[in-house]
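S.K.: Chains A and B, in that order, give the protein sequences. With the first sequence counted from 1, adding 587 to any position gets you our numbering. With the second sequence counted from 1, adding 23 to any position gets you our numbering.
To be clear, the hints were calculated from the coordinates, so they are not data collected in a lab. Everything numeric in this text was worked out from a predicted model, so none of it was measured. Check the hints yourself; a few may be wrong.
What the hints assert, rightly or not - Some chain A residues near chain B, calculated using beta-carbon distances under 10 Å:
(1) G602
(2) L669
(3) Q670
Glycine residues also receive a C-beta, built at the ideal position from the N, C-alpha and C atoms.
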Amino acid sequence: MLAERGKAARAVGGGIDVHLFRVQEASALVDLTSIDLAYVRADGGLAIGATTTFTEILESSEGAAYLGGILVEVLEQVASPLQRNQGTIGGTIGSAHPWSDVIPLLLVLDAELTVYDGQERQTPLARYLSDRSTGARPLIVEIRLPAASRGDGCAFEAFTTTGFDVAILNCAAYAVLDGGRCEIARVAVGGTPALAGRLFAVEEMLVDAPLDEAAIERAAEKTAEAIDARDDRRATADYRRTLARVGVTRCLRRIAQQGGIG
Amino acid sequence: MTITLTINGTRRTVDIDPGEKLLDLLRREGVMGVKVGCGSGDCGACAVLVDGRAVNSCLLYAAKADGAEVVTIEGLERDGALHPVQEAFLDEGGIQCGYCTPGMVISAVDLLSRNRDPSEEEIRLALSGNLCRCTGYTKQIQAVRKAAERMRGGGRDD
Chain A
588 MLAERGKAAR
598 AVGGGIDVHL
608 FRVQEASALV
618 DLTSIDLAYV
628 RADGGLAIGA
638 TTTFTEILES
648 SEGAAYLGGI
658 LVEVLEQVAS
668 PLQRNQGTIG
678 GTIGSAHPWS
688 DVIPLLLVLD
698 AELTVYDGQE
708 RQTPLARYLS
718 DRSTGARPLI
728 VEIRLPAASR
738 GDGCAFEAFT
748 TTGFDVAILN
758 CAAYAVLDGG
768 RCEIARVAVG
778 GTPALAGRLF
788 AVEEMLVDAP
798 LDEAAIERAA
808 EKTAEAIDAR
818 DDRRATADYR
828 RTLARVGVTR
838 CLRRIAQQGG
848 IG
Chain B
24 MTITLTINGT
34 RRTVDIDPGE
44 KLLDLLRREG
54 VMGVKVGCGS
64 GDCGACAVLV
74 DGRAVNSCLL
84 YAAKADGAEV
94 VTIEGLERDG
104 ALHPVQEAFL
114 DEGGIQCGYC
124 TPGMVISAVD
134 LLSRNRDPSE
144 EEIRLALSGN
154 LCRCTGYTKQ
164 IQAVRKAAER
174 MRGGGRDD
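Extracted from the complex, chain A is given alone in its bound form:
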């Protein structure tokens, strides 16, 4: 039905966004929760079915154990318990809201999606998001997170006016440290107010160097420069650059502390 009707048919997970952002051209809704895609499995990394609710991830021992509990830390901040009981991980990725807290986190975790568009295939989350901007809308089947590496750490920071409100800006960082030296670094900032994206220039600065206070300061400055900060009704571009600087500093400091050199 989705293939036949094109834009007139919408896939529905929890259905929250389809409700809130009513799509005028939609004349058919296809409920994906009737297929069995609600699961969290540890298989080295983590495999999460697309229709798994936030609550189901939060309450799963596999989700809670992943990478020092980062999923719990972030997903507990998403919307309210009432919405977390209904909203699905696949739905939030499919909606791709620029203020999403989930997307920057999954970007730095190097998430890969299993999608279906006539046949099942794997695609990195970043590719899914860029394809989406050209109109491609494959169904999301599964979200896969890689196995944790020795010495890795992840941190997330969101700035909101209230605990319930969407972020004015958010950021996530992931790094693999070896003796305090950064082997892999991934940094993403969202809500600039554009959709979250990785900041490769910042990541390059961090790799192959000690993750010390000077490196963190340089990375934070570069982040403030690199983001596509703009004014909107929530905040000015200048304020967003300041938040990005503070957020990335906090994330990287936390990772450095986890890595034992803080």
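Go by the hints and put chain B onto chain A.
M.R.: Structure of chain B alone, referenced to chain A:
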């Protein structure tokens, strides 16, 4: 389209519009304890239990409740006795105008069905999707705590 669901223990088969919200269906069926608030999932006045989990019925398509068990504030009493959470809200003065109360109670029932001894922090988080415009929330939090104590002390534990 036609769906079949259980509302407060009674199985009903109803005709719905495919785009209809569960909130509107419930009120159309005479279940008026479910309150219309913001209509956008911010206030929690419309919270109901769907298969044991509290959700905003203003954000849920009625079609998705096909086959589900829906419990509203009206369905919490048993044999004429109020649910311990309802009793505790009365005893602690957790109600002023009462408009948010059904949703607050539903969120608290969901919490206590999974966590028999929640901390104040856990209670606050569990009620964070329910807005009250009269109170400072203190009495509702006390009420949930008291209900948890009573439920642990014996009697009804759902």
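S.K.: Return the numbers of the hints above that this structure violates; sort them in rising order.
M.R.: none
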